[in-house]
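Q: Single-letter residue listing:
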Amino acid sequence: MNTPEIIFAAALAFCLAGALVSAWAPSQWAGRILAIFGTTAATLLLTGAAAVIVSHTSVSLTLWRLPILGRLRLDVDGISAFFMLALAMSFLPACLFSDGYMRRYIGHYDPRAFNIFFHLLLGVCIILLSAGDVITFLLSWRIMSALATFPITLEHRVNEHRRAGYLFLAMNEAGIITATFGLLWMAALAGGHIGFSALHAALVGTSPTVRWTLFLVIFFGFAVKAGLLPVSSWLPRAHPVAPANMSAILSGCLLNFGIYGIVRFDAVILPPISAGPGLLVLTVGSISALVGILYAAIDNDMKKMLAHSSTENLGIVTANIGMGMVFTAYHLPMLAAIAYVVAMYHMINHSAYKTLLFLGAGAVDQHAGTRHMNQLGGLIKRMPLIAALFLVGALAIAAIPPLNGFASEWLTLQTILRSEDFAPRFSRVVFGLCGAGLALTAALAVTCFVKAFAMSFLGKPRSTAAASAAKPARSAAAAMAFLAAACVVLGLGVTWMIPAINSAMRPLTHDLAAQALNPPFFNNATARHPLPAAFEKSFTQLGARIGAGVIPGRGLVVMHRGGSANPVVYAMSTFYMAGVLAIIIFVTWLGVRLLTRRRRVIVGEQWAGGLRRLSPDMTYSATGFSNPIRVIFKSIFAPAIRENSAVAVAGHFRTAITQERDDGYIVDRLFLRPLTATASLLSRALARLHRPAVVNAYAAWVLLALLLMLIINRIW
Amino acid sequence: MPSWFIKGLFSPVKTTRFPKQPETAPGAVPGRPVATDFTSPEQAAHAAAQCPTGAIRAGHISADVNLNQCIYCQRCARTEPPMAWKADYTWARRLRANNLTPQPFRKSLHIRIVDTGSCDAVIQEIKQLSKPYYNMHKLGFFITPTPRHADVLMVTGPLTHHMRLALKKTYDAMPEPKWVIAVGGCALSGCVFSRGFTSAGTVLESLPVDVEVPGCPPPPMAILYGLMLLAGRVGEMPSAKPTIMEKA
Amino acid sequence: MNLHSNSAVGSATNERKSLASLLPNVTLTEPANLAAATIAAANLPSVTAELVKDFAYRAATLVVRSYEKTFTLDYWFYSIDGSPWLRLRVELPEGIRELPSISEQAHAIDWHERYAEDLFGLTFTGHPKLGDFVLHEEWPEGANPMLSDFDASALLIDKEVDPQWQPEKILQTSGAFVMPIGPVYSDYAESAQFFLETVGEDVVRMIPRLHFKYRGIEKHAEGQAFDRAVLMAERFSGSSAVAHATALCQAAEMAVHVDVPPRAQAIRLVAAELERFRHHLAILSDICHSTGMIVPSADVDILEEDALRLSARWAGHRYLYGLICPGGVSRDFSAGEMAALQSGIEEFSRRADRLRRHLEITSSFLDRFEGVGVVPLANARKLGLVGPIARASAWATDLRIYRPYGFYGVAAGIGSPPLEAMESEGDGYARIRVLFSELFTATEWMRRAIKHLPDGPIHKALPDSDGEAIGYVEAPKGAAIHFLELSAGRVKRWQITSPSFVNWHGFHLAAENFAFQDFPIMMASFGLSIAESDR
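Same order as they appear, the protein sequences are chains A, B and C.
Residue numbering for the first sequence follows the working numbering, beginning at 1 and increasing consecutively.
Residue numbering for the second sequence follows the working numbering, beginning at 1 and increasing consecutively.
Residue numbering for the third sequence follows the working numbering, beginning at 1 and increasing consecutively.
For the record, the hints were derived by calculation from the structure and aren't laboratory data.
Check each hint, because a few of them may be wrong.
DSS-like mimics (lysine-lysine), calculated; alpha carbons at most 25 Å apart, straight line [stated by the list, open to error]:
#, chain 1, residue 1, chain 2, residue 2
1, B, Lys138, A, Lys460
2, A, Lys460, C, Lys169
3, B, Lys138, B, Lys178
Simulated restraints on C-beta separations [to be verified]:
#, chain 1, residue 1, chain 2, residue 2, range
4, C, Asp367, B, Pro102, 30 to 38 Å
5, A, Pro628, B, Gln103, 48 to 56 Å
6, B, Glu176, A, Lys634, 46 to 54 Å
7, A, Lys634, B, Pro145, 48 to 56 Å
8, A, Ser635, C, Ser186, 36 to 44 Å
9, A, Lys634, B, Pro102, 36 to 44 Å
10, C, Leu377, A, Lys634, 29 to 37 Å
11, A, Pro628, C, Glu512, 15 to 23 Å
12, B, Pro145, C, Glu512, 45 to 53 Å
13, C, Asp162, A, Arg474, 53 to 61 Å
14, C, Ser21, A, Ser635, 42 to 50 Å
15, A, Gly604, B, Thr39, 57 to 65 Å
16, A, Lys634, B, Pro12, 50 to 58 Å
17, C, Gly336, B, Trp85, 15 to 23 Å
Glycine residues also receive a C-beta, built at the ideal position from the N, C-alpha and C atoms.
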């Protein structure tokens with residue numbers, strides 16, 4: 001066994017040990033145990049995954065041989081390692097955060113049970129990602145889904161929480177069944193091979209129709225997990241009810257498994273040979289992104305808002321994968337490589353900032369007593385550090401340079417513009433529409449997170465709970481600081497991330513993305529590698545040479561087409577931007593400082609028109625802030641407005657206007673509710689078939705079924 | 001729309017030439033009663049008796065006017081023999097030393113108006129200042145909606161009970177240095193509005209007033225003159241000071 | 001001529017009979033054309049409901065008097081079809097301070113009841129919103145200024161205000177918030193507070209908080225010589241000085257049974273119409289300013305200042321203070337002065353007409369007013385609106401025509417009377433059209449009075465006797481009704497019902513679900529005065 005294997009084994013061991021210790025230790029220790037064992041396991045995992053990616057090796061371990069089904073194996077290749085990296089990056093702070101956070105449940109619910117499941121969940125996740133064959137994959141997938149339900153419904157005595165848990169379980173079950181069917185069919189087509197690499201080889205010659213069907217089945221199965229439309233109904237329900245560390249995991253890692261499934265089976269094992277599947281994935285991703293951000297923008301529950309925003313981000317990731325598939329189908333391997341790299345890049349970015357934001361929301365919820373933005377406000381005075389870290393997350397997710405969200409969203413939009421490189425008009429139209437949708441998404445994301453930060457942390461507190469919020473634990477700040485640092489590093493280090501992802505995802509990228517985005521001549525633009533004349537010619541204005549001379553390393557992301565005439569397609573550098581921003585901020589600060597040196601500042605009361613007291617409900621509310629969006633997209637939200645006129649009107653007087661507005665979730669309206677209605681209709685019809693106490697009827701049905709079976713058997 | 005532009009372009013200039021030339025248009029000011037010499041003590045006493053607010057004080061054979069208390073009922077002008085009326089507007093008075101620098105102060109001054117219970121006519125007359133006939137912007141005076149940007153607080157009205165807090169908050173919200181100009185008889189003496197449960201004291205007693213502009217309502221020219229006096233751009237008329245000073 | 005007064009008006013012949021059937025003890029005083037009845041407090045709501053529904057009576061005012069610990073409440077009603085003024089009297093025995101509210105039946109009484117609740121300490125059962133009206137949060141408990149034992153000259157000691165105090169809020173929706181405006185706001189605004197309740201974008205409801213300028217003149221006038229009350233009537237709302245002074249003087253003249261010489265009445269008419277002309281120009285100026293149109297604004301502004309100067313040249317005061325006096329007017333005018341006035345007004349009228357025609361083809365101007373701040377006829381009727389605002393909603397209210405007073409009866413008889421300016425849309429543009437039309441009808445009234453100016457004295461002294469009466473005029477903003485009780489020439493009780501008071505009540509109930517940026521435009525097109533309402 002070599003080093004990474006030992007590390008992975010140690011991580012698994014820590015998970016198991018954590019679960020065992022949790023079972024015996026008193027519940028007051030739950031948070032601390034999670035912080036110690038979980039954090040250690042995640043750190044080990046982080047190291048192991050990084051080692052695999054850096055060393056370009058893959059770890060494989062043959063387990064035992066099952067009769068009929070073949071050999072089970074664990075196989076950690078670059079793709080697995082990359083997803084493990086995201087997993088560890090999300091789990092590590094979530095466990096650390098638990099130290100202070102789990103205290104809120106002591107005395108109400110048993111945090112020990114949460115702990116056991118949480119540790120086991122991490123272990124199963126590791127096995128899931130290292131699965132090298134269909135059976136191991138499906139088994140661990142099933143266990144993972146079941147395990148995740150328990151931490152979500154920690155507060156099981158609340159009816160809403162139980163319902164959310166059931167919905168989560170049911171929808172994931174539907175996904176698993178579909179995926180199981182698809183994967184087993186795949187194995188059947190491959191003549192009984194279950195290993196991933198063998199599957200890939202065996203499926204090369206399958207017919208397009210079968211490929212299409214397989215693709216659809218598998219895509220649907222994993223779309224449930226990734227929270228894409230139209231199977232995202234569980235997302236905005238399960239996230240808010242789960243404890244904050246669990247919601248962070250849900251969004252930060254578990255959703256990624258859906259992407260993992262799509263990448264592993266729909267892109268690697270069954271690479272697309274026509275544009276259709278890719279275009280479908282792209283469309284689903286773009287619509288998910290737009291609808292997700294629309295609902296995020298109007299929701300005032302911090303966690304629900306973040307859940308909707310997860311749909312948005314996973315939508316962007318999926319759109320990138322779709323683009324990769326289309327480019328692959330059109331034989332544009334370099335563009336496909338870029339698209340896949342951007343997809344993965346956005347995914348890991350999302351893991352970083354979404355975990356950060358969920359933990360921030362958890363800290364707010366725990367210490368201010370509510371996560372409803374209309375009742376928050378002014379928290380920056382009570383928890384300045386949490387506010388600052390939340391702001392980093394909000395800026396990152398709103399794609400503000402130079403943070404990581406900007407890097408990947410910018411690349412996404414640039415990639416979608418590359419549709420000009422291929423011919424078919426229909427695909428170009430789809431790309432254009434999806435591009436417009438994604439651009440709108442990016443704009444709405446800014447509104448959404450300006451609201452989230454401003455309404456929660458700025459202004460006046462709108463409730464007494466918010467006004468007297470307690471100081472959060474240090475573990476919370478530490479966990480969030482880790483993620484904020486990750487956001488900055490992932491943002492500034494674009495040019496290091498791209499080659500890393502590129503090599504990790506080699507089966508998809510064939511090492512082409514780094515060549516295009518980080519041309520070697522530019523990466524080490526020293527005397528050893530002079531810039532090509534054409535590049536230099538078209539790029540002098542942007543100061544490429546100066547930049548290269550000043551910053552010793554890779555600062556610029558360039559799309560370089562190769563060839564002679566104007567080979568540069570686009571260029572961007574978060575690194576340079578950060579530098580320029582820092583200079584601007586410093587100069588401004590210095591200027592203001594110098595100019596106002598002699599000025600005396602008197603802090604007075606806010607001017608409110610001579611009003612006796614500016615009360616908290618005289619400041620803008622979260623609902624008010626997002627109301628324009630509600631008005632513009634009324635047809636999507638289809639709001640139900642309830643006005644209680646019995647209270648509102650006393651004769652001619654209006655003493656109270658009670659007007660409540662429920663925004664319906666479009667997915668429930670168009671998909672889930674018709675589906676459940678049909679299901680219950682069917683089940684009612686079936687129930688009517690076997691009336692109780694009519695033995696003859698039962699016998700008749702059994703006979704009929706038997707006959708049917710015989711006939712079918714005979715025909716085949 | 002272009003028709004309005006053309007109309008505006010060809011409309012004649014109406015704005016007063018003050019302070020370069022005194023304003024003499026008939027009806028621009030109602031004038032004011034001034035100290036009058038009579039021939040007998042009875043006539044002086046009779047003139048004083050006409051005044052419902054006690055603004056006229058009878059001397060031996062003359063009567064003097066405390067303009068702060070005058071409510072422009074014109075009864076003294078319609079009695080026989082009448083008090084003399086003078087058609088001017090230069091009656092504003094400075095109550096504190098002028099501390100605007102440089103002198104005369106020709107930069108712009110921003111004004112926040114607070115109405116503490118005046119009638120709408122006073123507000124209407126102040127509004128006239130920004131209208132074509134008076135156009136105080138030309139002279140560098142501007143109205144601002146927030147006291148944070150204001151240099152001058154212009155107060156009207158007898159300072160009602162409910163407005164005390166708002167007036168104090170407005171004054172406190174103004175940055176230093178700041179000046180106060182009290183406009184209208186009611187801000188100076190309460191006018192016909194009595195002191196008591198609705199008004200504990202006038203503006204003059206509640207704030208450090210720099211310039212007072214009597215009148216009921218003071219015509220725009222008088223207010224403009226008061227502003228110019230505050231800026232030190234016109235001198236105080238000696239006739240503005242009554243020989244008998246009486247504070248209510 | 002009157003298009004809309006036909007609702008449930010009985011024919012004039014059986015009017016009195018049916019009134020007697022409703023109110024058995026009704027008495028009729030002929031020269032004053034006043035029907036009076038005393039009823040039990042419990043019957044008040046049902047009687048009011050019938051009066052409003054079947055007799056087309058409109059609630060004019062509520063006059064409360066409190067001497068010797070008992071309360072007398074006079075509910076005044078009037079109609080525009082010639083039936084007599086009606087006074088319903090309710091007497092509360094000692095120790096009783098409660099009676100049923102009638103604002104459900106006659107909504108115009110709503111604020112009068114709140115006023116009486118604050119100032120007299122009465123309780124109107126069934127009224128859903130009492131308190132915090134005239135007297136604000138810092139006013140000491142139990143200090144009811146209008147009670148006879150309240151010392152008006154004593155200074156008031158504020159009570160301790162709850163540090164968590166906040167104004168009432170009626171929008172109960174999650175995320176609803178309030179935009180507070182005032183009392184110190186805008187450039188030249190009078191002091192008042194407005195709470196715009198919203199959940200973002202549109203304002204759901206606007207709640208005004210008035211009486212920041214409450215000067216208690218009705219209380220301060222008590223015990224003063226009547227003469228001084230006239231000075232107060234002129235000065236509490238200077239832009240309608242003539243109207244209020246005339247209404248008060250008419251009340252006194254009726255109370256002590258003095259007939260004002262016809263020449264004085266005609267001069268009063270001229271002064272009132274001159275005031276109306278100037279007042280409407282000021283409102284139109286605010287309207288133009290609210291849209292930010294510089295040239296039309298400047299045009300109206302010049303016209304307004306010209307009217308002010310004309311007033312000063314004619315009567316010695318820009319706002320015509322000191323012209324109206326008890327028993328007549330304080331100065332006479334020569335034929336030359338009258339002619340100068342008329343020619344001036346005729347010229348202004350022509351200029352205003354040119355301006356009107358120009359504005360009516362300016363689409364960017366009309367866009368801001370059409371469909372903004374709509375008051376439907378049903379609302380105008382329900383809220384008992386008065387003045388140009390009511391007439392823009394086709395609600396006939398012009399007292400000059402329907403209940404002629406002073407010289408108006410004579411002037412109306414000269415040829416056909418000037419039409420009441422009426423529009424039916426009830427929006428901002430309808431109000432603008434009414435204001436313009438009234439400039440021209442004001443000119444016509446003046447023209448007639450000046451042409452047929454009677455000769456004779458201008459003044460008749462009032463005896464120092466006792467009496468009580470209602471005096472009313474059509475002030476520029478609408479019906480102004482003054483109740484006056486005199487005791488030996490001194491004011492015993494004076495109650496002002498100003499058109500702004502009535503219309504603010506209507507404005508805040510009419511202002512629902514509007515766009516925030518329309519707020520200044522609505523305010524301007526209603527053209528209400530705080531000073532007149534707060535008194």
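Q: Does each hint fit the structure? Answer for all of them.
A: To see whether the hints hold, each was checked on the structure:
1. B/Lys138 <-> A/Lys460: Measuring from Cα to Cα gives roughly 41 Å; hence the hint is violated.
2. A/Lys460 <-> C/Lys169: Holds - the C-alpha atoms of C/Lys169 and A/Lys460 are around 18 Å apart, at most 25 Å.
3. B/Lys138 <-> B/Lys178: Within the cut-off at roughly 22 Å; holds.
4. C/Asp367 <-> B/Pro102: 30 to 38 Å: 48 Å Cβ-Cβ, so the 30 to 38 Å window is violated.
5. A/Pro628 <-> B/Gln103: 48 to 56 Å: holds, 52 Å
6. B/Glu176 <-> A/Lys634: 46 to 54 Å: Holds: the Cβ-Cβ distance is about 51 Å, inside 46 to 54 Å.
7. A/Lys634 <-> B/Pro145: 48 to 56 Å: Given range 48 to 56 Å: violated, Cβ gap about 34 Å.
8. A/Ser635 <-> C/Ser186: 36 to 44 Å: holds, 38 Å
9. A/Lys634 <-> B/Pro102: 36 to 44 Å: Given about 60 Å between the Cβ atoms, the range is violated.
10. C/Leu377 <-> A/Lys634: 29 to 37 Å: holds, 31 Å
11. A/Pro628 <-> C/Glu512: 15 to 23 Å: Holds - the Cβ-Cβ distance for A/Pro628 and C/Glu512, about 20 Å, lies within 15 to 23 Å.
12. B/Pro145 <-> C/Glu512: 45 to 53 Å: Violated - the Cβ-Cβ distance for B/Pro145 and C/Glu512, about 26 Å, lies outside 45 to 53 Å.
13. C/Asp162 <-> A/Arg474: 53 to 61 Å: violated, 39 Å
14. C/Ser21 <-> A/Ser635: 42 to 50 Å: Because 59 Å falls outside the window, the suggested range is violated.
15. A/Gly604 <-> B/Thr39: 57 to 65 Å: Holds, at about 60 Å.
16. A/Lys634 <-> B/Pro12: 50 to 58 Å: holds, 53 Å
17. C/Gly336 <-> B/Trp85: 15 to 23 Å: The hint (15 to 23 Å, Cβ to Cβ) holds, given that C/Gly336 and B/Trp85 are roughly 21 Å apart.
Consistency with the previously given hints fails for numbers 1, 4, 7, 9, 12, 13 and 14, ordered from lowest to highest.
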